[in-house]
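Protein sequences, first through last, are from chains A and B.
If you're matching positions, the first sequence starts at 926 in the numbering used here and goes up one per residue.
If you're matching positions, the second sequence starts at 926 in the numbering used here and goes up one per residue.
FYI, nobody ran anything at the bench for these hints, they're computed from the structure.
Warning: the hint list may mix true and false statements.
No copy is singled out in the list; a pair is fine if it fits within one copy or between any two copies.
[What the hints assert, rightly or not] In silico BS3-like links for lysine-lysine, alpha-carbon gap of 25 Å or less:
{"id": "1", "residue 1": "LYS1082", "residue 2": "LYS1028"}
{"id": "2", "residue 1": "LYS947", "residue 2": "LYS1181"}
{"id": "3", "residue 1": "LYS1152", "residue 2": "LYS929"}
{"id": "4", "residue 1": "LYS1016", "residue 2": "LYS1028"}
{"id": "5", "residue 1": "LYS947", "residue 2": "LYS936"}
{"id": "6", "residue 1": "LYS1181", "residue 2": "LYS1028"}
There are 2 protein chains.
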Amino acid sequence: MQLKTVYESVKEELLEVENRLKLLVESERTSFPELRQMLANLLPGGKVIRPALTLLSGKLFNHNLSPLLPMAIAAELLHIATLVHDDAVDKSSVRRHRPTIYKLWGEEKAVLLGDFLFAKAGELAATTGSIRVVTLFAQTLQTISRGELRQSFDAFKLKQSREDYLYRVSCKTASLFSLATQSGAILSQASEPQIKALDEYAHNLGIAFQIVDDILDFVGTAEEMGKPVGSDLTQGTLTLPPMLLLERYPEDNPVKRLFQDRSRKEEIKQAIELVRSSSILQECYDVASDYSLKACRSLDLLPDSSSRRALVALADFVIQRRR
Amino acid sequence: MQLKTVYESVKEELLEVENRLKLLVESERTSFPELRQMLANLLPGGKVIRPALTLLSGKLFNHNLSPLLPMAIAAELLHIATLVHDDAVDKSSVRRHRPTIYKLWGEEKAVLLGDFLFAKAGELAATTGSIRVVTLFAQTLQTISRGELRQSFDAFKLKQSREDYLYRVSCKTASLFSLATQSGAILSQASEPQIKALDEYAHNLGIAFQIVDDILDFVGTAEEMGKPVGSDLTQGTLTLPPMLLLERYPEDNPVKRLFQDRSRKEEIKQAIELVRSSSILQECYDVASDYSLKACRSLDLLPDSSSRRALVALADFVIQRRR
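With the sequences and hints as input, model every part of the structure.
Set out below in structure tokens:
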């Protein structure tokens, strides 16, 4: 299923999100043209999953677009800000088929732009008027940073458990998916059990999404992904596919050789080939599918509607996607 | 006057700020020891001017410590987070007589820790329960980032006006001083004219503070400052002293030579000597004093109290300080 089809019931709202993001860029035209240029380089693009989650979650209930739209934008900007910082610290040159802010403007400006975007997202979250949502927003950025820090401290470490991996994935990706759904529900007067159901949905969806992301870093092409493949191993990040590779071949293993001597870049190619030609990929997809199914089960509690069906379709898309 | 004397009327509250900051560090002991270690490295230290401003502003009115204390901590953490990012992007090794987070843990972890601190500060601001304060908090981080970006884009540019300098200083430093005083006043039911008076006080105080900071980068010793001197010129930042130097000697000038060829590091020492031996320093101090006086005049509207006297004393301290 195409993402466009999944988003059918919120397509007008997503268009409005896009328009407002463009306005946000244009508002810098006269006051700070260089900032406008940097912002323009970030938009449009991406799968806008996070704003879609906020809008779909809100539309399950008694929703009001006037707080929902800024929150949807806040979720996307928070995501973009973390990407800008990720690219700066990883020294990544390409993302979404385009040169990164880091590549075009350097590290200093990328870090500062990320800070600006965090704050802009926070301001938008505050326009919802809900202290609960703002608190969740701030806690989510802490959780993301904690996950990224954990990943940084764990780089090139061979002894890692699946729990370590899942913890990082929960922090880095699933927490923001949860912010997106929960804020949509909170702003639409959902009940506490309903908010909790959407939290669980997003948590499991986020894990499934990230596992597939980590698979695609092995099997995707740079063309499909819009960025180089094998980037996780280059950074020393042990994701699920190489973790299973280490379990399967504990003695002779390209990942082990790379982590013991990170100058041996040629091992990355070997690891990719080994993963591609083994049943490890299927095993990873099975894990991701389990999380996706679990996500859908959390939705049982919610009223049937086009939004709920879209959330189910999204859980399906997340597994099928090729980019 | 010593800062200790200035803070006399809020010394217990500042002790509580310090204690809570320590608890915040300790709370990471078991869950993430590496994060605890990074946080511990940041505290204690500094002049804690921002929390003092929040507390003194609050105590001018009908204050309640239960939102005031977390806001005071939020203001300090926001400040610390910006320093962590500044040091990372400037590759600074020493601050407050100690190695920086950048120096000890590298750029990646410094950027991520800064993000974590922004979010922690935001969460604390949200515990005040005031959407107005949270909005101001988020807008302030945007303003700071905008100022830092402006500074980065203006690096090594010779053609800059005093207005350019004052704009950057307002964004980088004065905006956070204003957040500190305004939030204290808002949380203590001050009237709009009173909030505005404290905004103006903080704006002018912040400019005075930053001008003196920029002077001390020329006349201070590394021993007094706890960091190397001449760091602004090293980064290509045109502050008030070298700006006046360029006005006075437009033809033959070490700043001009450095900005035209940034490899000529020896020009920094020459610029420092030239500034020290000229009347430029006095001129800069006169500008700072004017802002400090202007700050005090804004306080006329407020009821006389130990807090108001402390704010006046602080405006005096900011000019006299040697570090």
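Outcome of the hint check:
1. For a Cα distance limit of 25 Å, the shortest separation of LYS1082 from LYS1028 across copies, 22 Å, qualifies, whereas the shortest one inside one copy, 28 Å, does not.
2. In the homo-oligomer, the alpha carbons of LYS947 and LYS1181 never lie at most 25 Å apart, since the shortest distance is 46 Å inside one protomer and 40 Å across protomers.
3. Taking CA atoms no more than 25 Å apart as the test, LYS1152 paired with LYS929 passes inside one copy only; the shortest distance there is 22 Å, against 55 Å between copies.
4. Taking the shortest alpha-carbon separations for LYS1016 and LYS1028, both the intra-copy value of 8 Å and the inter-copy value of 18 Å come in at or below 25 Å.
5. For the identical chains of this complex, LYS947 and LYS936 are intra-copy neighbours only, at 17 Å inside a copy versus 48 Å across copies, given an alpha-carbon limit of 25 Å.
6. Taking identical chains as interchangeable, the C-alpha atoms of LYS1181 and LYS1028 are never at most 25 Å apart, the minima being 30 Å within one chain and 29 Å between chains.
When each numbered hint is compared with the structure, violations occur for hints 2, 6.
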